[in-house]
Each structure stands twice: as structure tokens, then as C-alpha cells.
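Asks: Chain by chain, the residues run as shown.
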Amino acid sequence: MALTKKDVEHVARLARLSLTDKEKENLTEQLGKILGYIEKLNETDAAGVPPTAHPFAVTPALREDKTFRWSPAESILKNAPEHEEGFFKVKKVIEG
Amino acid sequence: MSALSACEIAAKVRKKEISALEVAKGFLENAKKQDPRLKVFIKIHGDPFMASAEALDEKIRTGGAPGRLAGVPVAIKDNMNVDGWETTCASKILEGFKATYDATAIKKLKAEDALLLGKTNLDEFAMGSSTENSAFFTTKNPWDISRVPGGSSGGSAAAVAAGITPLSLGSDTGGSIRQPASFCGVLGLKPTYGRVSRFGLVAFASSLDQIGPFARDAQDLALLLSVISGKDPMDSTSSDEPVPDYAAALAKGTGPLKLGVPKEYFAKGLDAEIKEKVLAAVKVFEKAGAKIEDVSLPHMSSAIEVYYILAPSEASANLARFDGIRYGHRTKEAKNLLELYEKSRDEGFGPEVKRRIMLGTYALSSGYYDAFYLKAQKVRTLICQDFEAAFKKVDALITPTAPTPAFKIGDKTSDPLQMYLSDVYTISCNLAGIPGMSVPCGFSKEKLPVGFQILGRPFEEARMLQMAAFYQSQTAWHKETPPLN
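The listed protein sequences derive, respectively, from chains Z and S. The opening residue of the first sequence carries number 1 in my numbering; numbering runs sequentially from there. The opening residue of the second sequence carries number 97 in my numbering; numbering runs sequentially from there.
Heads up, some of the hints might be wrong.
[Said to hold, decoys possible] Below are the BS3-like pairs computed for lysine-lysine, each with C-alpha atoms no more than 25 Å apart in a straight line:
1) Lys155/S with Lys111/S
2) Lys78/Z with Lys188/S
3) Lys111/S with Lys188/S
4) Lys508/S with Lys33/Z
5) Lys575/S with Lys543/S
6) Lys92/Z with Lys428/S
7) Lys91/Z with Lys428/S
8) Lys206/S with Lys112/S
9) Lys108/S with Lys128/S
10) Lys383/S with Lys504/S
11) Lys188/S with Lys89/Z
12) Lys206/S with Lys108/S
13) Lys89/Z with Lys431/S
14) Lys371/S with Lys383/S
15) Lys194/S with Lys91/Z
16) Lys24/Z with Lys508/S
17) Lys24/Z with Lys6/Z
18) Lys203/S with Lys139/S
19) Lys108/S with Lys121/S
20) Lys24/Z with Lys188/S
21) Lys474/S with Lys488/S
22) Lys139/S with Lys206/S
23) Lys364/S with Lys33/Z
24) Lys188/S with Lys22/Z
25) Lys22/Z with Lys431/S
26) Lys359/S with Lys40/Z
27) Lys78/Z with Lys428/S
28) Lys188/S with Lys155/S
29) Lys348/S with Lys387/S
30) Lys575/S with Lys379/S
31) Lys474/S with Lys40/Z
32) Lys543/S with Lys371/S
33) Lys508/S with Lys40/Z
34) Lys89/Z with Lys194/S
35) Lys327/S with Lys66/Z
36) Lys188/S with Lys431/S
37) Lys78/Z with Lys155/S
38) Lys33/Z with Lys504/S
39) Lys33/Z with Lys387/S
Worth flagging that the hints you see were computed from the coordinates, not collected in a lab.
In isolation and in its complexed conformation, chain S is listed as follows:
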């Protein structure tokens, strides 16, 4: 059952070849079997999962039209609201918090008859690159359980890699979908800023955050992106750019392509094996007639500094709402209101979240605003301009997704700066708002997945999906599955 793709499940349910209940039973059983080993879920919501399958079967029996995701199990990163379910953000500060409404992306999944299996693990408030910052536990990489799945959407990436669900949702502020996709050997897409509504996604850095899909093949990814995209009156930054039929776009193929290989992404610090595999992926396109050009993004080297000023600054403002008053953890020690704020927050937030709140507060504080925050916003403009210039020459860029394959659990926890530097290839995409996607392109000698990244023009997700579909038609990396024990 877990080998079926989302498109196959939806087609079978629609044709009544299989009932949604049968699908749900199979997937729930498998999830319960695999989760103790991989620690993918913060919570498996088995009862509502089965109930939604039964309701779908009833709807089909009584002549209702099944939705585009009919009977497809989907795992949800636990920083998105599902009505009535806890949203933890993998943080102690949200202890006991139950969402009172559906995020727009969730509402759209439900409207298309998807079955929501549960909430997946993440780095606390999506801050991290390994899920080691989760207040609860670390998710294991299905390819090697001594290694991290990447982060912050590590649970959602691992769920799809292990065949626990064919689809999942993550969020990406600086690489949190693409880096775990590359570590776990699945497809992960961060859409253009504004493509998917952020309403009901717990905000980390509002000018960078974007919800996006994980899947094993391009057809499934296209299906999920079609469902969640679109303008939403509840998110004023969502775009009214029309949503193309991504699945139909795939049938058309890529057409002639001009691809850029930015030299800054292949400089020192890149693992030799990854470099070789990414350049081999470029060759696959070249052999099919794509024109390959060297391009330069000269300000890419500043992206880490810019990101680690702007993202924590926005986070320090967004996380001010966690104050022990309206929801979540409240200290038992406070004598007055100030102490209530300060102690609730100190007890509730983990070390990385505190570090980023402190960093952001510092960058925004009087005397440092111009030197840090304003300067970073100006260099952000230069980074955007680099991409604009590159996209005048080429249709898309190909780069590595991450500088190394999945690292060992515990390897980087003692040095936060080292952890930040592992985001080097993914963060400039968020700063520029452009779409980015990781595509599996082979394995290291240690049998760890490697991914390449496609960066596209704003709202050209269709072209990127066409590229991924073409690549997957020429290679078989995405068909390999991780060991079961």
C-alpha cells in the first residue's frame, strides 16, 4: 500500500477500486509500526484519520464527487493549525494549545478529501536544520537512523521518504523544506512567496515563510501544489497571480531550456561527492538539449549574514505573542506581570529560540538598527537584483541543495554558527522570494541521499515541476526506498 503514489490512490478511490477506509487502515497500521523507530510524528491522529476516510466512503456511496486528493493520506508539520488539534511547534511554550480553526492550506486539503494522518516533528518554531531543536525528540533519517532527517520540516520529509504518507506539508523560511528533502531523498518545494496562503501557519519570519509540499514524484508534488495554492483574503501577502493546472503543465514537457550554473554555489565548502552528483544532473538536461550557462550571483556570500539578521529580527517580533497570557505555558513563579512574561518565556522557549529572539532583539535595538537591520535590508536588495539579472539570461538555476549529506545526530548541536552555515545554499531563495525545489539525484558512498536544487523565476513553479518530471523520467533515484530496519 505504501508504494502507491498520491495520484494512484486518488484515482483508485475515485474509480471505487479501493475504499478510502482500506487505504486509511493500511497507512495507519504502517505509521504505527514505523513511528517508534523513526519518531516522525508529534502526534498520530488515528481516530479523525479513520473517521475522515469513512466519511469520504459515505460521500462516494451517496453519489458525491470525490475531491482531487480523495483518500490520500497527508502528514502535516506541527506549526500549522488543524481545527481541534494541538499545535505545538515542537515547543513547551504552546503546552496544551488547541487550534480553533483550520489554516487555509489545511482547509483546502480537507475540501479535496485528503486524509490528515497527524502532525510531524520539527525544530522548535521551525528554527533549525535537523529537528534536534524540537523540545520533544529528534526525528531519525529513514536512510540511516543515526543521522538527522534535516530540518526544520524533518518529520514531514521523513514521513514521505519512509512511505508513511505519499504527501506531506512543510514550511520553509530559509531552506526548511528543501534541505530535509535533500537529506531524506524526496522532492520538496518552497513555492514563490505569496503562492500559498500563510494563514494558520505559526509565523516565524513573515517576509520569508512559505508553506510547501513534499512528495516522491513530480506528478504528486504538482497535485498537492495545485490544491494549496491561491489568493486568500485572510493573508494579504498571498498573490492573486492565477494558479496554473500544474498537473496539466507536466504533460506538456519542458520545451527548450536555458539553465544557469552559478559558480558561487560550487566553491569551497561543498562536499566533492555532492558536487559530482549535481553536475551529473546538469548533464542530464544538457544531453536533452538544454543550453547551460555559467552565471554569477556575486552577493550570495552575504546571504547568511543578511538572513541571520532579518529572520531573527522578524522572529523576535512574531514570538512576542507567546507571553503566558492567552495560551500555552504560564510560570507558577511570578510575583508581578513583568515576571510572568519573563519567566513564562524563559521556561517555555528552548535554547535556539531564545538565541534567535536575543539576536533579533539586539539587531533591532537602539544604536544597532542602522548597522544591522537596515544594512541587511539593503544587501537583501542586492541579492534580489542578482537573481533578476541571472533570470534575464537563463530560465532556471541548478545548484546543490545542501553542502553535505545528512549529518550525524549530535554532530552540530554544540556550535550554533556551524548549524547556521549549513543553510548556505537555500536561504537566498527566501530572501528573494523566488521558488526553490530539491530533487533527489543520487547517493553518497555511505548510501545517503543527495539532492540538487532548482531555483526559478517568481511564479514559474510549472517549469520547475516540468524539469523535475523530465529528470525523474531519465533517472531512477526517486524509486529507491530506504531500508525498513
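Bound-form chain Z, shown alone:
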């Protein structure tokens, strides 16, 4: 299946991956080849077959709506690259 560099750039943006030119080149070729193989699926007739999202039919797994203590927020925040006053810190979101 032919895939263009533009296709790869579009998907990379959706996936939030900034790829180098070399990576784009490799992925254009590799994904094309993999998708070419996967396209064999078209040969299987599945008209009218219901889709399976989960191997077993699940009954709704509901539990009591109760809060409980989790590990202290500080230990979780310690894993963040940047945090301040109990919040995760990110770049400015709103311009201007």
C-alpha cells in the first residue's frame, strides 16, 4: 500500500510525535509495507459478523460510589518533571 510522506506527517501530528526527516522516511516505507500485508484482511468475508471489542461478554462492573485514600499526592508529584504548589507545571497554553 502506497503511503506518502504527507500521510505520515498527518498521522504523526494526530499521534503527537514530532518525527525527524529520517524517521519520516523510514516510517513511510515500513508502514507502507506493513499496511500492504495487513490489507490481506480484505480477502476475509466478515459481512454481517458482529465486532468483538472484548474477548468475553462483560456484565457492567459497577461498584459503590465511594471515595478512598490513595498514596499521598506528594509522592505522585515527585514523578513530575516540573511541579509547583501541588500542581503539574506546563508551558503557557493561551497565547497573548
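Start from chain Z and add chain S according to the hints.
Replies: For chain S alone, kept in the frame of chain Z given last:
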């Protein structure tokens, strides 16, 4: 010491014939000696390992009841959370991340007094079949260090094969327990979907992932499975199906068996030596009175396509959480939030993980969803129906686990599609949610282990363990140990 089984260690510790500290010292020393050559561990946690042994001895001294895994060293694949320890998933993107809680399977091990020795190597985020996708290093196959141990749970399989620990935990999304078990000559079981809680296992493909045990004999495997199985309120997909006493089930034996040999698993692409050894294993059951039937799973040939659409699709969603905000690697180059996401992820993920995120994002993207994702879900139904039909005729299926023995390090890294095709016999089991197990059944001419696979009905792990125990009572493959240098 490393020749002792988990059952033997637990019994000796319980009877105070040996202290947990003595066990721990012996195993830690051996692990430190072997690891530089085999590269099994991302990290050996020697201090907490010794401390937990001392605490267990103290508990026994003061009259406490020792647990079912008392003093048994266990190695853990590094995609499961152990409170206070780093979880790396063999990825740079999780740089510095320390788990703040125990995965449910880990909590259960600790409650039964297991000693956790360390975190084992894997393919990054469990994506791969050789551990070559680890961002850190490749684990070596203990039988031949120029070869891969299989993957993704290659470190955990190699640990048990080399006698570094009698037990280990892996995870299996498309064969990641069974294929390395076959490459390393040990038992590896992927339980029924929902048998073991996934809470605290870093998600790859949530409808396929399952935690499972490695061991050298069926008794040890049964013991570990008994401990980790069961319903967990923290994983809504875990099953409330009662957990049988697997060890007690082993004592009962298999009873009369009807076994299926699906012809699609013995077609072209299968190494001749493996075919011969797997069919010889079938004969062992036949000689004991099992009825052998030819069965057909006509949609098995589509399993690779279905898997490589569904697993990357689920992965692309699951891995969206690695964004450089709450944990792990954050780029130093970003000017705005979008760049922070895109560059952190590009710098943090390795090539295979990026490939799968791209593949999954593509399959789910507008215009392709019906042709890829929805179509794959429909064919998944057909694969499930094939197994249902087969299990109406027979109790279990016997197949090869992998089409070849362990391959050379570097042999398949240049062609991702070739690597994907090596999963051909293991992935349909995950798609159908059924349990699957690899059992060592001999060696190739080059002295590389070969395994056969048992596929069972949902929640019939007891029968599969009985089969493995029976096979091991008739053969001695599992008693062979790899060379020490």
C-alpha cells in the same frame, strides 16, 4: 541452591530447615554472578530483597504463619508496579518514574511472603519478540548467548531458565510469555483474560494484556498461578470465576483427554525439527490413552493482520498518557505545549513503539476506521468462533509455540514485518481470550529449546497444568539446565 524448586524452598522455609535469609543470600550471589553475562535484570533490588527475607525470618521466629511463597525469590517484568521501585518498561520515556503503589499481582506475592529480587528486561512497553527493542540492552538466551531469549518477557524467561529465580512474572499480549518460554526452555502460561488482575500493569493493549507466570515445573507454575489469580475491584475486567486450588488439581491427574491438533499450525513456515518434536509430544499423550483429533481453525491465517491492527490501535490510545507532563521524560526544546508533547514523545519512545503508535493512529483515523479497525474486530469474532467450535470437539489443542527456535541477536531487527510474523502461533489465543501455555519438549540439533503450546477452554488452566505435569512425568526435558558459561 538454584536447583531448588519454589515448592521445595517454601516447604523448607516453612519447616525451618533453612532460613529465608540463607535462601536470599544464595540467590542474590548467583544473580550478581550471572547477570553481567545474561543481562536479565534492568535492576536487581538486592537491599529490599534481603530485607524482606530478614522480615520473613523474624515473622516465623515470632510465631507468624509463613505464606504460600515463603522465601521464594521471584523476578518481575519491569512493566509492573512495585511500590517505591522504578517502573521503566525498558523505555527512556519513563526516566526516573517511581511507582507509588503495588500492582495487585505484586501485592498478592508480598502477602504470601515471596521475595522480589528485581525487575527484568523486556522489549520497550512489551512491544517485540526478542528484547532487542529494550532502550537499555538485549537479554541473552542462557542456552546460547549469541541468541535472543524471545520477548517481550525475555528477562523473566531467562531468569527462570538460568536458575536465577525459580519463578518470575511476565505479561502476554500476543505471545510475550509463551514465545520466550519456548526459546528459553521453561514453562510459561498466559492465563484466561480476566483470570489475573491487570491493575498496576502498564497497559499496552487492554483487551489482550494478561499477567502470567514462568516456572520450570508444573507444580511451581500451579503454585504461582494460585497466588496471583482472582477478582480485583481495581480491575473491572478481572473475572469473579472462582479460583481453583491448582496445586490440588495436579494431584488428580488429567482424566480421559480429547486433544485437537489444528492443521493450520503445522502448515508451511514451520521449522521441520519443531514440527517433529511437537508431534512427538502429541504421541506422549496418545500413548497414555488420549484421543487425538484433527481440527481446523480456518481464520487463524488472518490472526496476524487482526492483531497488528487491534493491538497498535489500543496501544496508540494507552500510550497517549506519556506526554511529558505528569511523569517521565520532558524535552528541553519546547517553545509551546504542543511542541512539549511532540518532542517529549519523539525523544522518549524508541522506533518500534513509534511504529506501533503510528500504525494504530492510522488504523483509527478518519477514513480508515471501517476498513481497518472495525473489519479487524469482526474477523476477531470469527477467530473466537473457530476456537468455540474446536472446543466443542476437544478438551484442548496442541500446537507449536513458535515457528523456529531462538534466533540470533540482530537477525530480524532490520525488518519489523518479519519480527511480527514470528508471533503467528501465539496471537490468536489473546484475540480469543483463552489460556495458552508453552511446555518444553526437546532441543534442536543446535541444542536450542523447543516448546509446544497447549490452548485450553476459558478458565480451564487446571486441565492445562495437569497436562503439563503429566508430560513432565513422562519426559525429562525440563530437568536439563543451560551451560553456565
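Asks: Which constraints among the numbered hints does this structure fail? Numbers only, ascending.
Replies: 3, 10, 28, 37, 39
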